[in-house]
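*Asks:* Read off the chains here:
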Amino acid sequence: MKSIHFIVNGKERTVVCPPAKTLLDVLREDLGLTASKECCGKGECGSCSVLINKEVVCSCLVLAGQAENQVITTCEGVGLSPNLDVIQESFIAEGATQCGYCTPGIIVSAKAFLDEIDTVPSVDEIKTALGGNLCRCTGYTKIIKAVQTAATKKISKPETIG
Amino acid sequence: MLVSEIDMITPSSLSECLTQLSKEGRKHRLIAGGTDAVVRMKEGKWRPEIWINIKNLKELRYIEESKDFIHIGPLATHTDITHSPLLQRKADVLVDAAGEVGATQMQKMGTIGGNIGTASPAGDTLPALYVLGALLELTSLKNKRIVPIQEFIIGPGRTVLKENEMITKILIKPQRQNEKGIFQKLGPRKAQSISIVNVAISLTMDQDRKCVEGKIAFGSVAPTIIRARKCESMLTLGPLNDELIQNIAKIAWKEVMPISDGRATAAYRRDMASALLERGLYRLIRRWENQ
Ligand SMILES: Cc1cc2nc3c(=O)[nH]c(=O)nc-3n(C[C@H](O)[C@H](O)[C@H](O)COP(=O)(O)OP(=O)(O)OC[C@H]3O[C@@H](n4cnc5c(N)ncnc54)[C@H](O)[C@@H]3O)c2cc1C
Ligand code: FES
Ligand code: FES
Chain A
187 MKSIHFIVNG KERTVVCPPA KTLLDVLRED LGLTASKECC GKGECGSCSV LINKEVVCSC
247 LVLAGQAENQ VITTCEGVGL SPNLDVIQES FIAEGATQCG YCTPGIIVSA KAFLDEIDTV
307 PSVDEIKTAL GGNLCRCTGY TKIIKAVQTA ATKKISKPET IG
Chain X
30 MLVSEIDMIT PSSLSECLTQ LSKEGRKHRL IAGGTDAVVR MKEGKWRPEI WINIKNLKEL
90 RYIEESKDFI HIGPLATHTD ITHSPLLQRK ADVLVDAAGE VGATQMQKMG TIGGNIGTAS
150 PAGDTLPALY VLGALLELTS LKNKRIVPIQ EFIIGPGRTV LKENEMITKI LIKPQRQNEK
210 GIFQKLGPRK AQSISIVNVA ISLTMDQDRK CVEGKIAFGS VAPTIIRARK CESMLTLGPL
270 NDELIQNIAK IAWKEVMPIS DGRATAAYRR DMASALLERG LYRLIRRWEN Q
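Chains as they are written, first to last, in this note's numbering: chain A, 187 to 348; chain X, 30 to 320.
No false leads were slipped in.
Label-pair ranges, simulated between beta-carbon atoms: (1) X:Arg174 <-> A:Ile278: 52 to 60 Å; (2) X:Gly162 <-> A:Asn269: 49 to 57 Å; (3) X:Gly73 <-> A:Ser189: 22 to 30 Å; (4) X:Arg316 <-> A:Lys313: 16 to 24 Å; (5) X:Gln117 <-> A:Thr305: 16 to 24 Å; (6) X:Ser95 <-> A:Cys285: 51 to 59 Å; (7) A:Met187 <-> X:Glu192: 26 to 34 Å.
Each computed BS3-like pair below joins lysine-lysine, with the alpha-carbon atoms no more than 30 Å apart: (8) X:Lys87 <-> X:Lys202; (9) A:Lys313 <-> X:Lys71; (10) A:Lys228 <-> A:Lys188; (11) A:Lys188 <-> X:Lys71; (12) X:Lys219 <-> A:Lys240; (13) X:Lys191 <-> X:Lys56; (14) A:Lys228 <-> X:Lys219; (15) X:Lys87 <-> A:Lys240; (16) X:Lys56 <-> A:Lys188; (17) A:Lys228 <-> X:Lys56; (18) A:Lys240 <-> X:Lys71; (19) X:Lys209 <-> X:Lys219; (20) X:Lys191 <-> X:Lys202; (21) X:Lys173 <-> X:Lys202; (22) A:Lys240 <-> A:Lys331; (23) X:Lys52 <-> A:Lys188.
If you are wondering where the hints come from, they were derived from the structure by calculation, not from laboratory data.
Positions of the beta carbon are idealized from the N, C-alpha and C atoms, including for glycine.
Using the sequences plus the hints, can you model the full thing?
*Replies:* Structural data, given as structure tokens:
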């Protein structure tokens, strides 16, 4: 067992756990952050996606000891009702979620993607960015639409500094 | 060994890491991005006593140019490679290949050192490194040696790396002005799939579709990556017109030595190796002519 410190969704957190426990299990079991889901457990589906220092990764393949002192953002950190992020609002507006299992992971991936771009992305660009996130319900059409809607909103109303 | 019993050490410098690697009488293994390591840990295949975590060892994450070589730190991620203007200009085939590894999450986390360390016959950056004549710097506490990539990998998952060594640098020869490369991959689906066959090509071109020198390396069609020497020798026979390209592709069918496995049969792999090479040559020439 090791005492491991991270910054999760803006808060300093310390957990005591085996260093080879996955970050996903730490988030869900030790920190009670259950938005990130386990599905394949081997990097293929993206339902466990979180940001480490703003980069999207599969938390089922990151060991807790490797995430030590890093800045981690889960779907809860992207936004919680009533303070939802524009990407989350767009998912609701477009009806881009059905069973919802994939949704937190897709929100996180889409958030990272939107933060990197400054033009409204093409369907192909969105497909590439979200290629690591599987959804078995929606058929993706509405997910892609939601990302485009969010991108349009973000670009027409850029966040002002200060 | 249970996962909960595995310890982890995070060295804060390369020298500390080499000291850890030199310790005998225990089972340890390096972990970089963990995209291969954690999958294998979960499968029960890799259960070291200690993970030596190098993910955040900043001194091994760089891409630089010197007079004769491009130097890539083993911790450069696939995203670092695809975003590097230097590699885009002088190692286009590697940029192509890194862009085909898994999907976004794997490219952000997975490293080139890890792709080489795993030494999978399907590893996507490997054929690109073969055609770029990559040299690997292997370092232990007391020694440093340079090994060409084709001598480093000796079988599926097998390398000449010693217990106390690690890859500390990847050296590649920058492409010349008139050298263009391409990487082609066939997987079961577009994103996030292990190659059924892949091929890296790099050609030095002259006027009128003439090739002065060319290199071709296939993955997933033999226990290690292979250079297609017969195909290579045909590249310079004349202008790369339809007839020559199709003949080269036919020879590729004979030159590869695939096996059947869960992903594809040997016959399918042969057909696809031939088709990928043909398609790759056409696309590469279009790139050269449109630049
Ligand atoms: C869902 C999924 C999809 C994937 N798709 C692809 C794909 O399309 N193409 C592909 O090629 N690969 C693919 N991979 C495999 C993997 O992502 C790559 O091989 C990646 O580059 C490994 O890098 P890493 O940093 O994660 O390695 P790790 O898992 O950290 O390490 C892998 C091995 O290399 C060793 N190692 C790491 N660094 C060094 C070093 N500096 N010196 C010596 N040894 C070292 C480790 O000890 C270990 O044995 C995929 C993996 C997953 C989970
Ligand atoms: S649970 Fe992590 S990628 Fe599927
Ligand atoms: S909404 Fe059910 S898996 Fe995506």
